[in-house]
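As a plain string of letters, each chain reads:
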Amino acid sequence: MAYRWKNDLTERDVTDERVWLNRRTLMKGAAGLGLAGIAGGTARAETLEPNSYDDITSYNNYYEFGTGKDDPVKYAGALTTSPWAVTIDGLVDKPGTYAFEDILGRMTQEERLYRFRCVEAWSMVVPWRGFELSDLLQFAGVKAEAKYVAFETALRKDEMPGTRYPVLDWPYVEGLRLDEAMHPLTIMATGLYGKDLPNQNGAPLRLVVPWKYGFKSIKSVVRITLTDTQPPTSWNKANAREYGFYSNVNPEVDHPRWSQASERRLGGGLFASKVPTQMFNGYAQEVAGLYEGMDLKANF
Amino acid sequence: MSSRGAFAGKINRALRRVPAAPIYILCAAHIGWLFWQGVNGALGPEPIKALEHAYGETALKLLVGVLAITPLLKLTRINLIRYRRALGLSAFFYVVAHLAVWLFLDVQVMAQIWADIVKRPYITVGMAGFALLVPLAVTSNDWMIRRMGGQGWRLLHRLTYPAAILAAVHFVMLRKGWQIEPLVDLGLIVLLLVLRLRRGRRRAPARVAG
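If you read the protein sequences in the order shown, they are chains B and U.
Each residue of the first sequence is one higher than the one before, counting from 1 in full-length UniProt numbering.
Each residue of the second sequence is one higher than the one before, counting from 1 in full-length UniProt numbering.
Calculated directly from the structure, the hints in this document are not laboratory data.
Glycine residues also receive a C-beta, built at the ideal position from the N, C-alpha and C atoms.
Check each hint, because a few of them may be wrong.
Quick look at which bits of chain U chain B covers, simulated, 3 or more residues with Cβ under 8 Å [what the hints assert, rightly or not]:
no., region
1, 90-97
2, 114-123
3, 166-179
Taking lysine-lysine pairs in the BS3-like style, the calculated list, with each CA pair at most 27 Å apart, reads [stated by the list, open to error]:
no., chain 1, residue 1, chain 2, residue 2
4, B, K237, B, K157
5, U, K74, B, K297
6, B, K74, B, K157
7, B, K147, B, K297
8, B, K297, B, K143
9, U, K119, B, K297
10, U, K119, U, K10
11, B, K74, U, K61
12, U, K176, B, K74
13, B, K237, B, K297
14, B, K157, B, K94
15, B, K94, B, K143
16, U, K61, B, K157
17, B, K74, B, K147
18, U, K74, U, K61
19, B, K237, U, K10
20, U, K74, B, K237
21, U, K119, U, K74
22, U, K176, U, K119
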């Protein structure tokens, strides 16, 4: 069942200049800007306009194709995305390997305009197309013992030049708690700007969890496994001190390399100002309840 | 004289007519051109990082070049020592440009700069490298060499070694995971320093064998 989450942030809203904001984040934004001594106005800092198709598709991380931000757009063309199949296994009623087209046939797709916040303190706004992960999980039938969802990216050494080097422990793996995976904001994206997902952005389908740092939103998914124990995640394996399992966007928990208090929205050119980062990337109203009573500094 | 020596002699004679001054002009033009590209949107969706990285990486490459000059002379007798000051000073100018982009375009928040320097090890390491380069740049002129005397000046300029190591370590640390390019740079620098050690110890026999 789609359309459970009402998306207030459509492109039409933006052209109508309706700013989607609650009062508190607006005030917080103003305070942050005042502190930074940067005049710029809160509206400009908070107006959600999608980044250009070019920005979104030419600047990102996809280490399977290289560690440079322009490596994915240069090399991801080699990835064969059709045929594509996703294995759904573990604690599900209907385990199996499903063709991508068969999955799409069962899902209702919709547009979602989301903020995308990289752990490296840059951000974009992306008009995704996709379906809610919970629909797919409900189709597969989640068993009562399941507590987590593990994801795995395709690993094809001949098509992915970056995987010839042990930058990460391939294949790339990620994970969510079941309630995070079932949240209506969590989608499997299959396109952006109304077009099929370009390879460099994780074709043919990828996870998008907008309140977490970008590396949680695993690309080109080939396996989804329901488990009762917390699954390993690639960046946590590479450097547990820097990357936790949750990796929720949180301006109050610094990353050892980057302050997470502010971010730079791409597309602003050489003299772009920084904007304050919002708790849960601006989705606190929707997801803060998932973490009630948890110490977010310890569970970063 | 060996053929190697003859070849080096030929190159050294040809280079006698090539002045060092154009190095400054080329580097200044390159710094300005990169900035201009950034202003005009030719550096991609994130021109600030692109500019910062281009300046930093060029500085590191130039430092590798500076460190290669002595081993090159010892191993091949090709003598590029008269270009070393221009290369070293140019490396410093790139570092200054790199630092300026970081301060004024990247971090922006002045209160955050000091916090970044003390809290984030890769920035601490980078700033330490910069601090070591400052006295080297200030003394890279004939007047200072005369004032300090050759021996003192040479001793001071051995700071190039730790500075280059710090610069490469800074690069290795700031990349996520263990990435190839910064590790290659660090490896090259270590190799060029090790060559000095071994050459230094075996100077006499090396000369006989040469």
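Exercise. Provide an ascending list of the numbers of those earlier hints which the structure does not satisfy.
Key: 1, 5, 8, 10, 14, 16, 17, 19, 20 and 21
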